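Trainee: Residues per chain are reported as follows:
There are 2 protein chains.
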Amino acid sequence: MNALGDSRLEGGLAILDPDHTALLKALDETFTRWALDVGAREICPPPLYAVADLKKFDVYVNFPHLSLVAGPLQVTRNLGPDDGRFRPDQLASVNLGLPTATCFGAYLFFEGRQVSTATLVTLVNRCFRGEDHFDGLRRLLSFQMREIVALGSYVHTQYILTYFSGKIEKFCHALSLKFVKEAATDPFFERGGARALLQGMQAVKHEFQVDDLAIASVNTHRNFFGERCRITTDSDGGLAFTSCVAFGLERWVSVLTNRYGSAERALEEVRRAASQLPPA
Amino acid sequence: MNALGDSRLEGGLAILDPDHTALLKALDETFTRWALDVGAREICPPPLYAVADLKKFDVYVNFPHLSLVAGPLQVTRNLGPDDGRFRPDQLASVNLGLPTATCFGAYLFFEGRQVSTATLVTLVNRCFRGEDHFDGLRRLLSFQMREIVALGSYVHTQYILTYFSGKIEKFCHALSLKFVKEAATDPFFERGGARALLQGMQAVKHEFQVDDLAIASVNTHRNFFGERCRITTDSDGGLAFTSCVAFGLERWVSVLTNRYGSAERALEEVRRAASQLPPA
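In the order they appear, the protein sequences are chains C and E. Sequence positions in the first sequence follow my numbering and run 1 to 280. Sequence positions in the second sequence follow my numbering and run 1001 to 1280.
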């Protein structure tokens, strides 16, 4: 048995064995509980969107190299795949996109709506990134990302990041996980003069890294998503600000399994650490 | 507010609001608990496979009209989507397939392995079907299917179907859901003389239908999947038999919300009914 036990891992796609599944679920329940404890409601997004919806977030400008797209087959001329792949001309249409991040579902959920200035939701999704190489559970083609998304006033979005940064730090300490918190570049803000200037004034993304791997991040989007999805606040009708806290679940599984030698042992430690953290 | 509350539903893709999300999660936890209570272990599959893996199950022979396929973009010539879709020749490769059912992950998990004669796993996945029309939560492009999959001896696979059929019937009674149990055709066995003959001798699929909608099914595959994935049993090294019990989670949400007028009320009823059922 390797470090992944009986999990099947091929081409960046993992089928997790029972011990790794239990660990992933316990982590997800822990992060979800943190969010619910401070009043978040959970919503449930699909792992597939209309290309036109994802385009609103500039994903095909900023992440064309990571983006996977999908569509139905042309049945009339379908002759099956050849050597493990279909020819592009066997597709009837390519109008669907697989998301690179979970939080898109939150902005689309609130699209065209007015929200309170202190809105908080949590959601988990399957995400997809066509990386140029894959590496165990550290870098997968398809993985799970839990997010906690704040919408409303700028102060609220910043408070949420501060609060959950504190939770992540305490949880890492309780798990004896050595981490560094690093400012990172957010590809959403890499292009365009105004946004680049904004980033120069204030880091918009911080990553929590363990073993050189980002296992969580906190992200400020100003009103980028509020604008793209026409989300307004009920205070003055202005565009909502947003921020998000993201947890790469398989990455947590990976670093904890390394830290504790097995997923089973890591699960015990997660349960112990989660119960030690003070409630909100 | 419509019957789906604030859920966003477009093009067969749903973002469930908090009440519908809570109901779906409670249902999934109930079915999972039933499986764990009789010794199942949970595994976690990806919502995307190599086309070559799905081809093993004849999906591109039996379900080409329902199948969605995916791949990365050709970045060098990427000019973004036009009118909500990419041209097929903008794809670099089409080597990935989105699954139409959850249980494929179980057979791939055990591919090439030997299992005990009474193996039981449970798993949930996002599934995808390119239907010719969509209808609320009754018929979605992307939905969640919980499955309980038995592998091993033929007797074991049949016992599991009988056992969970009983659980489903009791649960429906406790929820005051009127259902019919109908023999149905299984597309895996529609083609080919031997399989058609087999189906003539014995119904291989039964559906539990509420409001003319199949919300659960029990399925016998003989050793079709055992053969395709070279899964053998530890008794005599012969090919494993398999069977599965499938729950369409959004469909349960749909019929229960209709039955009780709101997802919130339906959630209370699910909790009550689940606690009334005798343990295994």
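It cannot be assumed that every hint is accurate.
[Unchecked claim] Pulled a few chain E residues facing chain C out of the computed Cβ check, cut under 7 Å: (1) P1047; (2) F1063; (3) V1069; (4) P1081; (5) L1091; (6) G1112; (7) V1115; (8) A1118; (9) R1126; (10) C1172; (11) H1173.
[Stated by the list, open to error] List of simulated lysine to any residue pairs, SDA-like, C-alpha gap at most 25 Å: (12) C/K56 with E/K1056; (13) C/K56 with E/A1026; (14) C/K25 with E/E1268; (15) E/K1056 with C/K25; (16) C/K25 with E/A1026.
Quick caveat, the hints were computed from the structure, so don't treat them as lab data. Source: prediction; values computed, not measured. Cβ coordinates follow ideal geometry from the N, Cα and C atoms, glycine included.
Trainee: Are there hints from earlier that the structure breaks, and if so, what are their numbers?
Mentor: 2, 6, 7, 8, 10, 11, 12, 13, 15
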